[in-house]
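Here the protein sequences come in this chain order: A and B. Quick note, the first sequence lines up with residues 1 to 300 if you use my numbering. Quick note, the second sequence lines up with residues 301 to 731 if you use my numbering.
FYI, nobody ran anything at the bench for these hints, they're computed from the structure. Do not take every clue at face value.
What the hints assert, rightly or not - Within a straight-line C-alpha distance of at most 20 Å, the following computed DMTMM-like cross-link-like pairs (lysine to aspartate or glutamate) qualify:
(1) B:Lys-530 <-> B:Asp-600
(2) A:Lys-78 <-> B:Glu-546
(3) A:Lys-164 <-> B:Glu-546
(4) A:Lys-78 <-> B:Asp-706
Claimed, not checked - Simulated coverage check for chain A against chain B, where a stretch passes if three residues somewhere in it have a Cβ under 8 Å from a Cβ of chain B:
(5) 46–56
(6) 150–161
(7) 216–229
All residues carry an ideal CB built from backbone N, CA and C; glycine is no exception.
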Amino acid sequence: MTLFGRRTALANQSRPLNLQSYYPLWFYVPAGVIYGLMFLLPTFASLYFSLTRWTLFNQEFIGFENFVEFFNEPFLLKGLVNTFIFGFSTSAGKVIVGMGLAVLLTSNIYMRGLLRSVVFFPVLVSTIGIGITFNVLMDPQDGVINAALAIVGIDGPHWLTSPKMAIYSVALVEIWRGVGLATLILIAGLMAIPDDFYEAARLDGASAWHQFWRITVPLSRPAIATVLTLSLIDGLRTFDLVWAMTRGGPGFSSDVLASVIYKQYQAGFYGLSTAGNVILFMVIALVALPIVAFLNREER
Amino acid sequence: MKTTKSLRTLSAALAVAASSAAVGSSHDSVEVTLLTDNSPNSVAVFNALEAAFEQTHDNIDINVETRAGGTEGDNIVRTRLATGTMPDLFFYNSGSLLQALNPSRTLIDLSDEPFMERVSPSFQSVVSDGKGGVYGVPGEAGMGGGILYNRKVYEELGLEIPRTWEEFMANNEAISETDVAPVLGSFGATWTSQIFFLADFYNVLQQDPDFAEEFTAGNIEMSENDAILKSFGRIQDVYEAGYFNEDFASATYEDALRMLAMGEGAHYPMLTFAVTALLESYPDAVEDLGFFSVPGDSADANGLTVWMPGSIYLSQSSEEPEAAKVFLDFVASQEGCEVIVDTIGASGPFLIETCGLPDDVPQPVSDMLVYLQDSSRNAPALEFLSPLKGPSLEQILIEIGSGIRDAESGAELYQRDVRRQARQLGLDGWN
Chain A
1 MTLFGRRTAL ANQSRPLNLQ SYYPLWFYVP AGVIYGLMFL LPTFASLYFS
51 LTRWTLFNQE FIGFENFVEF FNEPFLLKGL VNTFIFGFST SAGKVIVGMG
101 LAVLLTSNIY MRGLLRSVVF FPVLVSTIGI GITFNVLMDP QDGVINAALA
151 IVGIDGPHWL TSPKMAIYSV ALVEIWRGVG LATLILIAGL MAIPDDFYEA
201 ARLDGASAWH QFWRITVPLS RPAIATVLTL SLIDGLRTFD LVWAMTRGGP
251 GFSSDVLASV IYKQYQAGFY GLSTAGNVIL FMVIALVALP IVAFLNREER
Chain B
301 MKTTKSLRTL SAALAVAASS AAVGSSHDSV EVTLLTDNSP NSVAVFNALE
351 AAFEQTHDNI DINVETRAGG TEGDNIVRTR LATGTMPDLF FYNSGSLLQA
401 LNPSRTLIDL SDEPFMERVS PSFQSVVSDG KGGVYGVPGE AGMGGGILYN
451 RKVYEELGLE IPRTWEEFMA NNEAISETDV APVLGSFGAT WTSQIFFLAD
501 FYNVLQQDPD FAEEFTAGNI EMSENDAILK SFGRIQDVYE AGYFNEDFAS
551 ATYEDALRML AMGEGAHYPM LTFAVTALLE SYPDAVEDLG FFSVPGDSAD
601 ANGLTVWMPG SIYLSQSSEE PEAAKVFLDF VASQEGCEVI VDTIGASGPF
651 LIETCGLPDD VPQPVSDMLV YLQDSSRNAP ALEFLSPLKG PSLEQILIEI
701 GSGIRDAESG AELYQRDVRR QARQLGLDGW N
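Only chain A is shown next, with the shape it has when bound in the complex (with noise of 0.2 Å):
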C-alpha cells in the first residue's frame, strides 16, 4: 500500500495533473452506471429504508426507532454477542489449528501429498450440506460422536441442543470447515521462509519449540494476518451454517446477527431487518478495519 502511495505521490509533485495522458473518461461510463445502479443506489436506498417501518407495500419514516429497538430487545442483543464469539472463536480456532497442521504438512512426512488434500477438501463440500451431516452426527441421543463417546464411557454433551454449549459446537464445526483453506495459506506462508534461518538457528543449538517461536510465527506473520481476517470477517457474518444446523436455537442461544436479520426479515419485518444490516456493515467495518490495521502494522 505504502509502496503504491508514495509513487503516485511523486508522481503527482513532478508533473500537473494531465487527462490527456490518460484513457478516454468515457470509459468509465459502463463501470459507473453498474456500479451505482447495483451497488452505490441499493446502499443508499437501504440506508434510508432502515429509517422506517416498511411493509414493501408502504413505509413510515420513524428516525432511529429500529436502531433503538435492535438494542433494546434482549434476543437481539444476544446474536451480537454471539457473533462476536462466533467470529474470534473460529478466527483464533483456524490459526492455531491450521498452524499445526501447516508445520506437519511442510515437514518429511509420508503421504504429504495426500494428507494435504484431505485436509483441504472440507473447503470443497457445500457449508449446508456440512450443517446437515453434523446436525446428524452431533444428535445427542443416536448421534455418532456421542455413540463413539459412549464406547470410551463418556456421557457426550448435548451439542446443538443445549443452550450454553450450541453456539461453541456451530463455531466447531466452522473450525473444521475452514481450517483447510486456512492451512493452506499458511502453508504458502511457511514454504516462504528461507531454510538457512533454520540451519543458522540449528548451529546456534535452538530448540525446535525455539525454532518455531522465534522463525516460523514472526516470519509467517503476513500469511496468518490474512487468515485472521478473512476468517473474522467470514465469522462476523456468518449465517449458512447457523442455520443448517440450529436456526439460532435452542430458542435464541445461538442466534448470530446474520440469523436475527433474516428471522426478521422472515416475520416482515422489512424495516428492522434492512437496519439490521446496517449495524452488521458497520460492525464488521469497525471491528475489521482496525484489527487489519493493526495485523499489518509492521509489514513493510
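We have chain A; now place chain B onto it with these hints.
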C-alpha cells in the same frame, strides 16, 4: 382424461402423473396455477382436487406448485404478493397470518360470489378484512388443538381422561413411573412448541372473556395477566416435572408421532390434523389413540380450542381470475370435500355447509367432534380472534420449555414481539 372414480383415491404420485398427461393433451385451455405448501397432506389433496376438477372441466388446466412451509413459507407468500409474482391461487393460513398479507390490496374479494353462500359464516369471518371483503374458501378441514394420547397406556394404568390441569399432571406422574414418556416434546420442529400455549386459549377465555379484544387494542400486559401467564406456564410445568421424553430438544414432529403411535409416549400436544399423518404412517395404531382438550382450572369449564382451516385465496395479480373462481366453486362444494376425505381421510369438520363427515371417523377425530357439538365447549384460537401473533412465539416457548427462562419473562418477551407486529400492522394503542 379417463380416470375412474376409484382412481381418485390413489396416491399423490398418480395424481401428478395424471395431471401432467392432461397438460400434454389439451390445447386451447386456460391455465390456472395454484401454490401450496409442500406438506404431504397439502400436496396430495391439491393434486387430487386438480385431477377431479379436470375430469369435468376440459377448458381449465390446474397447475399445482409447491413452496416451503413454516416461516420460510410466510416469507415466500409475502414477497411474491408484494412483487406481483403470486400465481393465480394459493393455499395459506386464515386468521392473523392473512391479515399480514394486506388482503384488500393483494387479494380479490370473493364476497359477492354465489359459492360463498355455501361457506359457513364462522369461516368467512376469519378470511375477511373486517371492511366487508371476504377472500378465501376453506382448503382443508377444521381442527382442534389439544392433546393426542395413547389409549392403550391409559388402559394399562387405569387412567381417566383429565378434566383439570391438576388431573393431567397426576396422570403424568403415574405414567412417569413406567418406561413411557408422559409428554412428548418435539422442539426439533420448532413450531410444535406452541401447541400447549395456543390450545390453552379456551381456558384463557373462560377466565377473561374479553381477552382477544383487549389484547388487540393493546390493553393487556401479558406478564401481569393471570390467564395468559397460566398458558405460558403449561410447558414450564411439564419441563420442570421432568415429564418430557429424553430427546425432546432434538426430536422432530415425525419422531413424536412415531413415539405416540408405538406407545413410547403417552401425550402429545398437537392439532388434530396430525391424524392424517398418523393414518398414513401408522394406520393400525390410530384406533389406539384418542384426543382431549388442554385441561384448565375447573372441570366444569372444560372445552376445546378450535383452529379454522387454511384457505385458498385468489391473487390480484391473477391473469385468469374467472377460471380460478370456477375452481374455487368446485373446492367449496360437496364434491370438493369428498375428494379431500377420499385422499387423506376425515380429520375434522368441513366449514362448507353441504359437507358432512363419513360415519366412521378415526377415534381422535370423533373424540374432538364431541366438543364441537356443544357451542359452549369450544372457542376459536387467539389467532382467529385477533390479527396479532408475534413471530418469535415458538422460540420463546422453546426457551420456557427447556428451562432457559420462566413463563413470566417469556410473557414479557412475547409482549415486545407482539408490539413490533402491532406497529408493523399499524394498529392503534400500541405506541
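Comparing the hints with the structure gives:
no., hint, verdict
1, B:Lys-530 <-> B:Asp-600, "holds (18 Å)"
2, A:Lys-78 <-> B:Glu-546, "violated (27 Å)"
3, A:Lys-164 <-> B:Glu-546, "holds (18 Å)"
4, A:Lys-78 <-> B:Asp-706, "holds (17 Å)"
5, 46–56, "holds (count 3)"
6, 150–161, "holds (count 3)"
7, 216–229, "violated (count 0)"
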